[in-house]
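Going down the list, the sequences are from chains A and B.
Start counting the first sequence at 1; every next residue gets the next number (this note's numbering).
Start counting the second sequence at 1001; every next residue gets the next number (this note's numbering).
Note that these hints are calculated values from the structure, not bench results.
A few of these clues could be false.
[Said to hold, decoys possible] Residues on chain B that point at chain A, a partial pick, calculated with CB under 10 angstroms:
1. 1095
2. 1096
3. 1104
4. 1106
5. 1109
6. 1115
7. 1125
8. 1126
9. 1136
10. 1138
11. 1139
12. 1143
13. 1145
Ideal Cβ positions, reconstructed from N, Cα and C, are used throughout, including at glycine.
Listed below, chain by chain, are the residues.
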Amino acid sequence: MIDFQSPQNIKLFADFLFCDKDYLRAIDEYEKYLTMVDDDSVGFKIAIGYFNMNDQYNAYQKLSLTKESSPFYEQSKIEMLKSLYLQNIDSSFYSSADILINSESIYSKNAFRLKNTSLLLRKNELPEKNIFLIPFYNDEEHTISNFYDLKKNPPYKSEIWAGVLSTIIPGSGKIYTENYGDGITAFILTGLFGYLAYTNFKHDHQTRAWIFTAVGAGFYLGNIYGSVASAQIFNAKVNFDFDEGVKFYLEEKNYFTPVYDFCK
Amino acid sequence: MIINNKYLFLLLVISQCTIYSQTDWVRWEKSDPMYQTNNTYLEREYDLSIESTSDIIIKPVVNTYWFFISDVDGDNCPFNPSCSSFFAQSINETNLFQGTFMFFDRFTRDTNIFGRQEDYPRFGIYHFYDPVSLYTLDEKKINYIPAKTYVKE
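Bound-form chain A, shown alone (with noise of 0.2 angstroms):
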């Protein structure tokens, strides 16, 4: 007859459960053989179960259990840290980094690592180059000093050189952000009506004349308005592909914290 509330029975149906990715459930099963024994790997794993479904906050509040005599006392340390830049909380996250980095930690490089890339995500002032890029390993080196140099020379348009270049030639702001349809067209639309007032003009049809001449006039006008507001929009695809970059790169690197695989 099988035990199946026996705490080795459940610890293999939760491990199942959690190399099956349900998580939710190998979270209770793995509660329920805490009651029966303890085992901080098990703790451990149920903080891993929480992040990988994404509820950092019960990720980090199991991990703050750790005790300091558990194998697993140093990866808590830098898993809460992770949890904290997932949650924005920059205040605990920044103060928790430095108590890490400036421990003798294993992972205090890793700590140094998440701490840095995280600047780029923040409007802090970056500190120097050489100093920026210490704890990074060669192979992440080129990287990081490309993203550096991007968050410190980001590649924005003018708004100001984008409407007076409108002024000059109708749609050439629009040229000069990119949005090359939308130049030709306004250099069409502007051109065509400035000729169709002349035109009238010469010709001494006055209404028609002006009616085309005000058309012309709000084509032209909006257009070098159009161009700085592209301007605008350019720098702010600048500023959401740098971001969403960074953001990818953390999590290819998985936020500089090991990896673990608990189903071999």
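Fit chain B to the supplied structure of chain A, relying on the hints for placement.
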């Protein structure tokens, strides 16, 4: 007389129940289902309230255009909000002059048929998302959404 009134009352009550009861003919009648989905896009916000000086001219013009031309012509603008709605919203958010410049710029972008897929997020199946907040020249209001992203209605 009293007895007759009682019977009359009873007859009236019973007839009330039977008048609305389902008959075989009602049950087996051919139904006429409406397969057309509700197009919320075409639900115009007709509004003639005067909240500023520019509303005196703009709102009657825009509402007249919607009623006599746009709603009859159909859903032709590739953008959401449509150009007329964009005009009304831009004047609401800024002022008459800035709103007019925004409208002329929008009309230019509407006339451009090249490269829209690469420049605008999608709103529903048939429209591109192009809100007023991107063009007020206030950087804080710009909520950039990448091209080809589907924005929910």
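Checked hints:
1. 1095: violated, 13 angstroms
2. 1096: Violated: closest Cβ of chain A sits about 13 angstroms from residue 1096 of chain B, beyond 10 angstroms.
3. 1104: holds, 3 angstroms
4. 1106: Residue 1106 of chain B check passes; min Cβ-Cβ to chain A is 8 angstroms, inside 10 angstroms.
5. 1109: holds, 5 angstroms
6. 1115: holds, 4 angstroms
7. 1125: Violated, because the Cβ-Cβ distance from residue 1125 of chain B to chain A comes to roughly 22 angstroms (cut-off 10 angstroms).
8. 1126: Constraint on residue 1126 of chain B not satisfied, violated at 19 angstroms.
9. 1136: holds, 8 angstroms
10. 1138: Status holds, d = 9 angstroms.
11. 1139: holds, 6 angstroms
12. 1143: holds, 8 angstroms
13. 1145: holds, 9 angstroms
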